[in-house]
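Put chains S and C on the given structure of chain Z with help from the hints.
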Amino acid sequence: MGKRPGSFYVLSAVFALFILFLYGPTLTIGILSFQGPTGGLTFPMRGLSLHWFRDLFEQQAVGDIWGAFRRSLALGLMVMVTTVVVSVMGGFAFRKRFYGSGILFYLIIASLVIPSILISLGVGLIFSQLGFKIHWATSGFGSQLTWTLPFGLLIMFAVFNRFDKSFEEAARDQGASPWQTVRYVVLPIIAPSLIGVGLFGFTLSYDEFARTLLTAGSYNTLPLEIFGMTTNVTTPVIYALGTMTTLFSLLIIGAFLLTVWILGKRRARLGSDAGKGV
Amino acid sequence: MLKNRHIQGWLQASPLTLVLIGFLILPIITIVVVSFWQATEFSIIPAFSLENYEFLFGSHVTYKVFYATLKYAAITWALTLLIGFTVAYYLAFHIRSQTMQIALFLLCTIPFWTSNIIRMISWIPFLGRNGIANSALQSWGVIDQPLEWLLYSDFSVILAFVHLYTLFMVVPIFNTMTRIDHSLIEAARDNGASGFQTLRHVIVPLTKPGIMIGTIFVLTLVMGDFITVRFMSGSQKANVGRLISNDIALLQYPSAAATAVILLITVLIVIGILLRFVDIRKEL
Amino acid sequence: MSKMRYSRRAVLKGGAAVAAASALPAPMVWAQEIKDITLRQFGTGVSNLNEVGQKVKEDLGFTLEMTALDSDSVTQRAATQPDSFDIADIEYWICKKVWPTGNLQAMDTSKIKNYDKIVGIFKSGKLTPESVIAQGTAPSTVGFVEGPGATAFATEETGWMTLIPTIYNADTLGIRPDLIGRPIDTWAELLNPEFKGKASILDISSIGIMDMAMVCEAMGEIQYADKGNMTKDEIDKTFAIFTEAKKAGQFRAFWKTFDESVNLMASGEVVIQSMWSPAITAVKSRGIDCVYQPLKEGYRSWGGGIGLSKSLTGMALDAAYDYINWYLDGWVGGFLMRQGYYSAVPETSKDYMSENEWGYWFEGKPATGDITSPFGDVLAKAGETRDGGSFYDRMGSVACWNAVMDENQYMVRKWNEFIAS
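Chains as they are written, first to last, in UniProt numbering: chain Z, 1 to 278; chain S, 1 to 284; chain C, 1 to 421.
If we strip away everything but chain Z, and leave its shape as in the complex, we get (with noise of 0.2 Å):
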């Protein structure tokens, strides 16, 4: 380890400003939801309490924040699911390079880059002009997909890209089938890869709130749930469920790395070297 350079220094201190920027709202959030009981959602503090904490698991004015959650939940292990499984096998079909695939691929970007509320407004005109019922489950479903497919797509093809064949290879010399191959060798080298596809999935969706706006039905998923809530008076629960939401995914986070790691561990002590390119 050489002496660090002076532009390090610098950079940390940018870093630092960064991450001060980033967190600013968060730490508003995460102040103003210590407010009194009567306090608003704008500074001043009217006292401290745990008060809107308490509030947060009791029934609301309006709105049922809850049943919200619970959608919303659902709906992320359900994109998220769909997501991993879609991606995965998108990833395998364009190792083969098949005819179209380029038309394929491009549909995969326009997906992306499509603004969202054409997604909603387009589906939910064709739900009306069908008949079928609009629900959070199907066309708010399949609506968030477009949005979460492309970027677990994208991750696979970067993990493809930079995945050694010669693993394959040697599996495939030592008699597996291709099935074998797949199962014990390559499933196992992108997995950590996997959880992130996965908790992109599951972080794109929890949040998304255009698709979801004319597609979500009779219910509405929390993000929706919480626009809603600011046509009444709003109070600072809903900065003490911003704060419980950042808690819930540092634990996340926290418990992904402690995976890693462990994994890390294991991987060391069985001398494995596979994986180390991600």
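There may be inaccurate statements among the hints.
[Stated by the list, open to error] Calculated cross-link-like contacts (lysine to any residue; reagent style SDA-like; alpha-carbon spacing at most 20 Å):
1. S:K71 / C:W160
2. C:K310 / Z:S128
3. C:K126 / C:W160
Because the hints were derived from the structure by calculation, they are not lab data.
Just chains S and C, lined up with the frame of chain Z:
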């Protein structure tokens, strides 16, 4: 064998294809069709008409709003690129342990788990006339009067965009940077290149694909946005997304669809140009 | 089919006559099955309160699911997703847009127990026999149709109602007297350069345009033949005045949700703005001085009601009628009136309010003790009177209603231009 490969490929890609047909291609076709229909207050009339487009191109507001959209996109792009590149550079070249890299990287992602809407609302107490920023500046004696332009202005809109979308620039740039062979940088240094020259002639060219991908993310997110502009400008500014969402709100679906078609074409042209500079599939 | 249902209903009515004599019309005939019924209601957060849903479960036995949406989504859902709801809680001007889609079904007023007691505004259009119907989309003009299935509005009471009126109010400008420091008595003050950068209006076109009209008329800039049905020329002139003001920096922001208006006012970003009554009470409950200022030109009024989805049939439809009867029976009315709204059948609400509350909210008398909201916040202390006075003072000086005009499409486009300018 060859034929087999294609069939297998399509089979494996079939769930993907079905989703894209059902929820991407069909909606786009519907929007294009509806954009040629007529509407009254309460219903859509399936009769061919160019009226929506005539109105769209005949109104000076359209041009203004498209200009505003591109302006937001350009400024946000420049800022996120500057910040995103710096941050990614720091993470990739100054942080030496991989665990530390991942930890710092995840640190950047945590705020993204809190709902966009909540994060946007929380800027308001910070930037308002009597908000934290103004109170702080006033107590330090930097300003006498509160700064009005901090909130409900182009400034606050772009601030929120940068805040929301910088990560989309950091991720792909960081990704490409980690693939740069460090021996190249050492070679440059051994040949007497200064830090800046190395950056300019080695790192930036090699990072281009990441920059392009980040650019695609940021541009499309900003161009398609409607909710950030509404919240952060206090409804005072408009971009194309708001024009569309206003039309939808007022049940003017054909008019919304026509605007959406023009927006889609604009976005596709911009992205099409960008894709000429980079082969995403190879460079990921 | 509908005929059969009708006769069955008539039988039920007879059977339930005894029950109906009690305070709440909860027919016992199908008490068991009713538990399985779920009605889905949507509307804005203004009246889609969970407490109402709970009370319905207690009193009527079935489940009422409430979804709160922003006002744009409310219009969209009513117009485009008839299957996603059973009961629509919408405003009368939204009804004017949505009714012709055929997504709602007309209600038979003979099944509405308190129909006769509904205030005149929603029937003949007149508060008292001498009143003049105000301009705009007055509820009486879109309140009735000729019969079930009709898509055109009737001009008088027909026995088939589009919406059952639930809440309504007279809106005016809200001000921060502590930051203004002088009396305000006209709508024209909204564009007074004194409040540059500290004024706001709402970004909901059908409501905002009426505020604009009130202001332009008060300034003496435009004489409208009918504010509620402007000509293209009048629309142009109105927007010209406001666009100029916007470019000069008169407005701090436009608000679209209830909450935004509260925060703008409470944080001092804005000192004068078009506002809703409960938003004022929300600001006040934070200990900030805020007045719902009566103005000499009168109020801009709005009304909301519940409509039934066309897909409601059979038992669910019967349950919906029970819900409506229950709604007008007074508990909800009292609940809403204690927040500053008015109930469509004020006299039944009286039973659910204390004398002090009734005096303060309805009769415009000075409070004899603390006035608290249903959520426990103190809104007024003894001796204070309601801004604007009694029900008849306030609803009697309504100058116009939120409106959907003949030239609405044109107006909407101009509105979009105004926001973008």
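Measure nothing beyond the straight line between the CA atoms of K310 of chain C and S128 of chain Z; if it is 20 Å or shorter, mark the hint as holding. Holds - the C-alpha atoms of S128 of chain Z and K310 of chain C are around 15 Å apart, at most 20 Å.
20 Å limit on alpha-carbon distance, applied to hinted pair K71 of chain S and W160 of chain C: At roughly 53 Å apart (the allowed maximum being 20 Å), W160 of chain C and K71 of chain S break the hint.
Are the Cα positions of K126 of chain C and W160 of chain C separated by 20 Å at most? holds, 18 Å
The structure fails hint 1 only (numbered hints given earlier).
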